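Trainee: Turn these sequences into a full structure, and let the hints steer you where they fit.
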Amino acid sequence: MRLRPTDLLILFAVGAAGGLIGDAGNVQSGATRYIDDSAPFVWESPLWFPALVGAATVAIGVVRLWLGAPRPGFDARIGVAAFASVVAIYSVTSVAGDDGTPAVALVVSLGVLVACAFADRPGLICGVAAAVIGPPVEIAIVELDLSEYADSHDSLFGVGLWLPGLYLAFGVAAARIAELLVARRTG
Amino acid sequence: MRLRPTDLLILFAVGAAGGLIGDAGNVQSGATRYIDDSAPFVWESPLWFPALVGAATVAIGVVRLWLGAPRPGFDARIGVAAFASVVAIYSVTSVAGDDGTPAVALVVSLGVLVACAFADRPGLICGVAAAVIGPPVEIAIVELDLSEYADSHDSLFGVGLWLPGLYLAFGVAAARIAELLVARRTG
Amino acid sequence: MRLRPTDLLILFAVGAAGGLIGDAGNVQSGATRYIDDSAPFVWESPLWFPALVGAATVAIGVVRLWLGAPRPGFDARIGVAAFASVVAIYSVTSVAGDDGTPAVALVVSLGVLVACAFADRPGLICGVAAAVIGPPVEIAIVELDLSEYADSHDSLFGVGLWLPGLYLAFGVAAARIAELLVARRTG
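Protein chains in written order, with my numbering: chain A, 1 to 187; chain B, 188 to 374; chain C, 375 to 561.
For the record, the hints were derived by calculation from the structure and aren't laboratory data. Since the structure is predicted, the reported quantities are computational estimates derived from the model, not experimental observations. One thing to keep in mind: the hints can contain errors.
[Said to hold, decoys possible] For the chain A half of the interface with chain C, some residues (derived, Cβ under 10 Å), not all of them:
(1) Gly22
(2) Val27
(3) Glu44
(4) Ala76
(5) Val80
(6) Phe83
(7) Val86
(8) Val87
(9) Ile89
(10) Ser91
(11) Ser94
(12) Val95
[Claimed, not checked] Away from chain B, derived, C-beta distances all over 10 Å, residues of chain A:
(13) Ala13
(14) Val42
(15) Gly68
(16) Val137
(17) Val142
(18) Arg185
Where a beta carbon is used, it is the ideal one built from N, C-alpha and C, also for glycine.
Mentor: Shown next, in the form of structure tokens:
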């Protein structure tokens with residue numbers, strides 16, 4: 001009932017890939033901008049960004065299995081759908097144009113729908129934890145002058161007010177994928 | 188198999204909350220505007236607006252149970268997902284920017300998806316009834332000079348052409364939540 | 375286990391209807407424009423466009439049943455939801471405003487979600503085949519000077535870069551509806 005090295009690698013790769021796609025959207029739409037360009041860039045992101053998202057995905061997976069046994073039953077479609085849901089919501093943060101009430105209500109309700117679709121109780125804890133911890137980390141990154149959010153996307157102490165909704169979906173999806181990686185072996 | 192006073196209160200509160208969130212989005216995006224400001228305002232809405240939506244939610248719940256027995260089985264996630272779906276669609280009416288064909292097709296197909304996901308036959312009747320009754324009520328509100336829709340959102344006799352899709356989702360979700368309130372006790 | 379003439383007619387009508395709704399959105403939003411107006415128009419589309427989409431829907435249905443037995447169990451809601459999903463995604467291609475990374479990531483992830491929700495293995499093959507064959511056909515239509523995509527929507531050799539995501543959803547939905555048409559009789 002534990003994650004093996006290959007599982008951790010998969011979680012890292014999945015998180016890094018989702019982070020790269022979503023971040024490219026945020027940068028290209030002008031929602032966010034990187035100020036510090038001392039690190040090498042991958043697509044639109046400095047190397048440390050996908051690394052951070054990948055590491056966070058691994059951490060959530062470990063926490064999920066520490067919180068309780070994964071649900072049995074493996075279906076790759078569930079994991080793919082969880083991943084695609086987060087990429088879709090991430091893209092909505094770019095398409096919606098700002099972090100006013102409509103965009104925030106949309107992103108948060110989509111995050112809640114992802115939680116209803118994929119989370120058990122431990123998964124929900126992972127989602128809420130991500131929603132609580134993620135935004136302060138992004139605020140710190142902005143405070144360190146590594147990146148900034150556009151004026152239209154900075155209502156939450158300098159970062160997007162829709163971030164909690166996006167992180168909720170991210171935490172729930174990472175937890176669900178970790179469950180599936182174990183269920184793949186144990187049936 | 189009947190709604191108790193607490194159930195009615197929950198339906199009212201859930202409807203009023205969803206109405207407030209969605210209406211704040213419509214007002215902030217400029218889709219709608221309140222002309223009469225004689226009533227006290229809550230967030231962006233005059234007090235009578237969430238009261239109307241709450242009362243309509245109660246009415247739909249009562250009609251749902253009058254139309255047939257609720258489905259057994261209680262899962263809070265279903266009710267939360269139904270609520271979040273309506274808030275998401277309401278927000279889409281603000282984000283989409285107008286009530287041209289793309290926005291209307293998007294909102295109506297999302298309303299149909301909500302009906303497919305949550306409605307049984309009586310629930311579908313509730314949704315269709317809401318889609319038929321809701322827009323004329325909004326037209327009356329506009330005719331009474333209490334509020335108005337922006338020029339870009341007034342193709343249905345002065346109100347948003349996407350309203351039937353939104354009300355369909357609203358009616359279905361209110362009916363589903365009423366079912367769950369009964370199933371919570373009866374199992 | 376085969377499609378009857380009535381089934382083919384239903385597939386054609388469903389495809390033509392979806393094509394008309396989605397294409398009206400693309401034309402009205404300015405994403406696409408018809409250059410040749412020698413054919414009679416239906417709504418915003420020349421007659422040959424819904425005919426092409428209807429024929430493609432029939433072809434996908436035939437291929438789906440040739441690839442394997444349809445899943446048993448008939449529920450009209452599944453077919454309606456599959457249809458509404460494609461119309462919703464088609465509308466998103468109009469609402470999103472361009473075919474930059476956010477719009478493409480959104481449309482492709484929604485297409486993947488539709489595949490996860492509705493496809494079995496043969497259905498997925500239908501979806502991938504549509505995603506591979508559809509865009510070159512549209513490129514040919516543009517090359518023939520029958521229509522054109524706006525500059526903001528022409529990143530894929532003159533057509534929308536989101537087209538593969540839309541065609542994936544289309545192929546999966548057409549296959550699922552074909553399955554249901556057979557299951558309606560065989561139970």
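Trainee: Hint by hint, which ones does this structure get wrong, listed from lowest number up?
Mentor: none
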